[in-house]
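Could you build the full structure based on these sequences and the hints that come with them?
Spelled out, the chains give:
2 protein chains.
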Amino acid sequence: MISLSDHLDELVHEFSKLPGIGRKTAQRLAYFILKQPEASASQLAESLIRVKKNVHQCRICGNITDDEICRICSSPRRNQQLICVVEEPTDVLAIEKTNEYQGVYHVLGGAISPLDGVSPEQLNITSLLDRVGTVESAEIILAMNPDVEGEATTLYLTRLLKPFSHLSVSRIARGIPVGGDLEYSDEATLSRALEGRVKI
Amino acid sequence: MISLSDHLDELVHEFSKLPGIGRKTAQRLAYFILKQPEASASQLAESLIRVKKNVHQCRICGNITDDEICRICSSPRRNQQLICVVEEPTDVLAIEKTNEYQGVYHVLGGAISPLDGVSPEQLNITSLLDRVGTVESAEIILAMNPDVEGEATTLYLTRLLKPFSHLSVSRIARGIPVGGDLEYSDEATLSRALEGRVKI
Numbered sequence: 000m001i002s003l004s005d006h007l008d009e010l011v012h013e014f015s016k017l018p019g020i021g022r023k024t025a026q027r028l029a030y031f032i033l034k035q036p037e038a039s040a041s042q043l044a045e046s047l048i049r050v051k052k053n054v055h056q057c058r059i060c061g062n063i064t065d066d067e068i069c070r071i072c073s074s075p076r077r078n079q080q081l082i083c084v085v086e087e088p089t090d091v092l093a094i095e096k097t098n099e100y101q102g103v104y105h106v107l108g109g110a111i112s113p114l115d116g117v118s119p120e121q122l123n124i125t126s127l128l129d130r131v132g133t134v135e136s137a138e139i140i141l142a143m144n145p146d147v148e149g150e151a152t153t154l155y156l157t158r159l160l161k162p163f164s165h166l167s168v169s170r171i172a173r174g175i176p177v178g179g180d181l182e183y184s185d186e187a188t189l190s191r192a193l194e195g196r197v198k199i
Numbered sequence: 000m001i002s003l004s005d006h007l008d009e010l011v012h013e014f015s016k017l018p019g020i021g022r023k024t025a026q027r028l029a030y031f032i033l034k035q036p037e038a039s040a041s042q043l044a045e046s047l048i049r050v051k052k053n054v055h056q057c058r059i060c061g062n063i064t065d066d067e068i069c070r071i072c073s074s075p076r077r078n079q080q081l082i083c084v085v086e087e088p089t090d091v092l093a094i095e096k097t098n099e100y101q102g103v104y105h106v107l108g109g110a111i112s113p114l115d116g117v118s119p120e121q122l123n124i125t126s127l128l129d130r131v132g133t134v135e136s137a138e139i140i141l142a143m144n145p146d147v148e149g150e151a152t153t154l155y156l157t158r159l160l161k162p163f164s165h166l167s168v169s170r171i172a173r174g175i176p177v178g179g180d181l182e183y184s185d186e187a188t189l190s191r192a193l194e195g196r197v198k199i
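Just so you know, the sequences run in chain order A and B. The first sequence lines up with residues 0 to 199 when you count with numbering that gives the first Met the number 0. The second sequence lines up with residues 0 to 199 when you count with numbering that gives the first Met the number 0.
You may find that some hints are simply not true.
Any copy, or any two copies together, can satisfy a pair, since identical chains are not distinguished.
[What the hints assert, rightly or not] SDA-like cross-link-like pairs, simulated, lysine to any residue; straight-line CA separation at most 20 Å:
| id | residue 1 | residue 2 |
| --- | --- | --- |
| 1 | 23 | 59 |
| 2 | 34 | 53 |
| 3 | 34 | 121 |
| 4 | 52 | 120 |
Don't read these hints as lab results, they were simulated from the structure.
The structure is reproduced here in structure tokens:
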């Protein structure tokens, strides 16, 4: 295919590195940028740089923050004895949206996945152990994704945390999603739902 | 919704200004950037700036180029007496992909659309008239999109170009697309296909 501009081709190439952006979409984005005033392109460019410069992990929980300690860890209204362990910062946002959880978080930064080369050492697990070692008592909720990697991480953390007698460790329930349909649920979900049945 | 980082929120906001990128996708892109090494974010940022700085319109045809005159206009193998008028640079790429067209282009930069506030004065029409005024004879192919705006532009250009006796003006054929199905063609396309029938 003919190239009209090397600079534009390069931008298309950069856009197509983003997840879910194919060559065709990347091209559309690049032409859109070309039509926009210079200010809006530099706003995006500066914002990219600023995020990489200023956003880092919270020293306590590993969540993302602009400051040293994140907004949740530094909030006086949060129950510091209730720690929900999640894989990613986006999981924190998902749980916050329920408006029900009043505890704090610990963000691992991923899940154990030998196939992707993610071992426990690369996750924020040491900092979790240090953290629970300093409290008198705490409840830990493990809220990993219900996939193979999440299950492995849950298992690994359970083994690590069980020996601490001052900790109560639980995991979030797996079952039929609200609004879901029994008929169309897969066997794994249904058997977890039966297993986790609750007395009424 | 709780905000974890102002800088990250800003990047999500910037990404969601791009066409076809909703809030959810913008968030996914921003988190992806956060996980990438700083170098790849600055590559994207620099590429954005470079495109706005260095890519501009060709002085002859209005197509995009890094130089003063675009690669097609400056090519000695192109027939300068055959000018295909298109709306956008992406249309040039589409026609180039056929590998059949050996002429040059004239890129209008859009189509006449009073509803979107695009009047003929905002398009590269004056430069087209100047251009055809300097040649001894030329064939002009109008290749606008087959929509209302494209039709209006074709009509407008036809009226402007017809008085020049040294020009032969044509428009690309409208009809059943190759691989298409007569049964499922819309009435407008079919009636254009009948109208534009070719003797065999």
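Subject >> Violated hints, by number in ascending order, as checked against the structure >> reply: Hints 1, 4 not satisfied by this model.
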